[in-house]
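With these hints in hand, go ahead and build the complete structure from the sequences.
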Amino acid sequence: MTTRFATIPSLWALALGAALAQQTPPTAPEEDEEKPTPSYPKIDVGYGSWGLSGNFRTFGRYGAPPRGFFVRELSYGQFGLSPALFGEFTFRGQPFDDHVFETKAIWGPDASTLEGSIENSVFYQPSAHPIDESKRRTMAASYRRPLGKETNLTVDYSHNQLDTNVEGPGYGKHQRTNRFSGSVAGPLGSGRYDLSLADRRFYDRANFQPDTRTQTWRGEVLQPIGKLNLTGLYAHTNIEQNGRRDSEAKNWAIDGDLPIGYDLDLQFGFRTEKYDLPETINAYVRERHVSYARLNGYFSGLSTQLGWRHTETERVRLDQRFVDVPKIDLYEGRITGRIRGGSRWSLKGSIEDHNSNAVMLTSDPRRLYWDDKVTVQAKIDHGGETWGAYGAVNFRYMENSPREIKVRTRQYVFGANCWAVPGVDFFGELMIDNADTRFHEQDATVDLDSFFPSSRVWTMGANWAINENTMLTTSFTDLVTDNDNPIFEPGGNVANRFWTAHLRHRDRLGREFGLMIAPGKYTDKVIRQLGYEARVVMVTAQWKF
Amino acid sequence: MRIETVLLALGIASIVAGSAFVSQDELQKTSAQKLFAKATDDDYIGSSACTECHEDKVNNFVHSAHYAFSQKDGLALEKSGCEGCHGPGKFHIREDDPEVIAFKKMTPKESSAACLRCHQSTMKVSDWHRTDHGRGDLSCVSCHQIHPDSLNEFNEKSTPPMSIRSDKHLIAKASSKLLKADETVLCSSCHRGEAAQFRLSSHHPVPEGKLICSDCHQSHPTKKATNRREALKSKSVTCHTEYAGPFAYEHDPVAGHTGDGCAECHRPHGSQNPDLLKGFSRGMCAQCHTDKATLHYPGRTCWTSGCHVSLHGSNSSRLFLQP
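From first to last, the protein sequence lines stand for chains A and B. When you line the first sequence up against this note's numbering, it's residues 1 to 545, in that order. When you line the second sequence up against this note's numbering, it's residues 1001 to 1323, in that order.
A couple of the hints might just be wrong.
Claimed, not checked - Okay, derived cross-link-like pairs now, DSS-like style, lysine-lysine, Cα gap no bigger than 27 angstroms in a straight line:
| no. | chain 1 | residue 1 | chain 2 | residue 2 |
| --- | --- | --- | --- | --- |
| 1 | B | 1292 | A | 373 |
| 2 | A | 149 | B | 1177 |
| 3 | B | 1079 | B | 1038 |
To be clear, the hints were calculated from the coordinates, so they are not data collected in a lab.
Shown next as structure tokens:
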């Protein structure tokens, strides 16, 4: 297997070696750190009411708007607390609900930086039955210090605490993740190096998953050789799990780019990943080798790209007695251009061809994976003085020939805005999603199409600068899902309509007052108890000193 | 030693040898490099001279994150004040053949190279060219604003465009002050399709302000040590750590055999199906496991039924059943 994998990079390297005949580029000037500007003390507070009837768990599934008194922003930044010191902090939210606290200090002639943040999020699983709230709490700290003109030391730490409560038969998560990472990066000859260590510790308090420690050492070197820029990377990961043998992952990569003339460049690379997972006892990928090449050209205002990527994997079979070597070839292209008058357009696509597929040892031995994938994306965008418009079409096709299944998905997005009236910007957008499938299972009693719903969402509104101190932003959004839903599952047939109006007034002293009214209705046509109706009202006041 | 190994060694040797005997052809310098290279100390006239014609720009620059740096004592002339970015003032004001580094008028390649004169320790020119944005012919100033054109957001021309962010969810992470606009607004001005997906009923909590685009996407290399690729599976396990594994029983699509990782089954920005899935209910599984599409416990969803609840990988069941 190794021989086959080695052929591709060998040929690449030979070809490139012959192509090289340029001088080393000039050494770049050194970089210095930037300092932020002083921010003024700012107090922004508000009062909010939900006016909610119906299911508050659906309403707060990703995070609810603040209710009662809340701090929209309390911030203060100060230069010169001592020589060459800058410090700032910001708080947003409510103490026992969603909030964000961020702080930053920069000091010394080398502008060392220490940042910290605490975030608290409260959310719910949509459910017709009472379920307690779920919480995610993240604490992070970061320290950066220059160790010379171009060398930097960075140390990051984060603690992530997730406690979810869900409806049965699922189970809630109670897990903690600590992550520490440190890196040193600096110049090396006319290139640079980057060395890092990342240590992640995962603890599952519910004991469904073993506690896991993942430690990754990583080294990366970028070196210009003539015109050719080569990057080499090696990473070694050790994974320890309680009561199990250690697992290991090794990554090697060589990436390069070679300018061929001023408007054309070649990018290429070769990557190898090796996994040693002694505790895994079913099918898994043991090795992966990826080679790619891409030509980028810029001609007559057009940006064009042509690329190819070849992937070979060593996949251990389900019974772990044999290894297969599935191969995937990906061909991709992109062209982007501009049209006179402020328009730009792009067309890109890819074809993925799967060969030598893995042997299936499942009860049905037909292959489980797609053997062809095609994607196409077209976009056009116009931005003028009085109007703008855009359109995007995404198409994706996937086929599994042994199982005679084809899936096509399409997405259309169209939008426009215009300044037809002075001071008023009208905007609107429509997105349509749909899919169709071809499915020829002999005993099929249900068409797979029933499980690929379509949806339509449109939004329209306006930004109205009433005068130089007052602005009104308003929008209405309507979402409808068209789903056969033959097994009457929740979350599949929904309608969501909401309107938002936000009026802001800023006086001559810079104080700002806001009023927001946001009525909305969410309907689940299958499980009515999941719906809600809300009439959110908020008032805010802001002072800058 | 295998012949391919020899070939690989020869290839690497030929690269090194090829570059050792490089020709003396001049590497094409960018226009910014050429301009600074030919300047003498006398060609720098100081930022105060710029005020005469560009008063608004100079005044607004005070509010830029670059301002404090550009005023630093002892800074080289070619990095100080307005001329640190736009080039020596004397070249600009001369009547015959005036020269200035005007970022909006340069090609993206030239413009990026001008910024990277100073930002080399974050990324080299070739690092930038390898990013999707670099390949998409964008430049630094496509997203970053060095000095705001207008500080009055109530101004007609600076009215905010339609945003992914919901106005109702005011408690949100702030984005970098160096960007032209709030990060979600800025990204959505080009990535329209992705932005629109956040309006669907199942989405990552970007409209609610819990995430911003750069929490998942790295638009270019930064100094942060946290933005490293995960060794196993895709980057999504940074937040969804419980799916990182390795598991005793791996599920091929999750383990990355098919190449798309999490995106094999999920639409990360938003979907009309619960749990960000590409297909609805058991149809999601049936597109691969066609033999189980209809007769295997029909009328139930594979995971909400309480059977295959460990689809991302299991340590106790080959069929990913309840642990």
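To see whether the hints hold, each was checked on the structure:
1. The hinted pair formed by residue 1292 (chain B) and residue 373 (chain A) meets the criterion: a straight-line CA distance of about 23 angstroms does not exceed 27 angstroms.
2. For the proposed pair residue 149 (chain A) and residue 1177 (chain B), the alpha carbon gap of about 25 angstroms is at most 27 angstroms, so the pair holds.
3. As the CA atoms of residue 1079 (chain B) and residue 1038 (chain B) are separated by approximately 15 angstroms, the hinted pair is consistent with the 27 angstroms bound.
Hint check: no violations occur; every hint is consistent with the structure.
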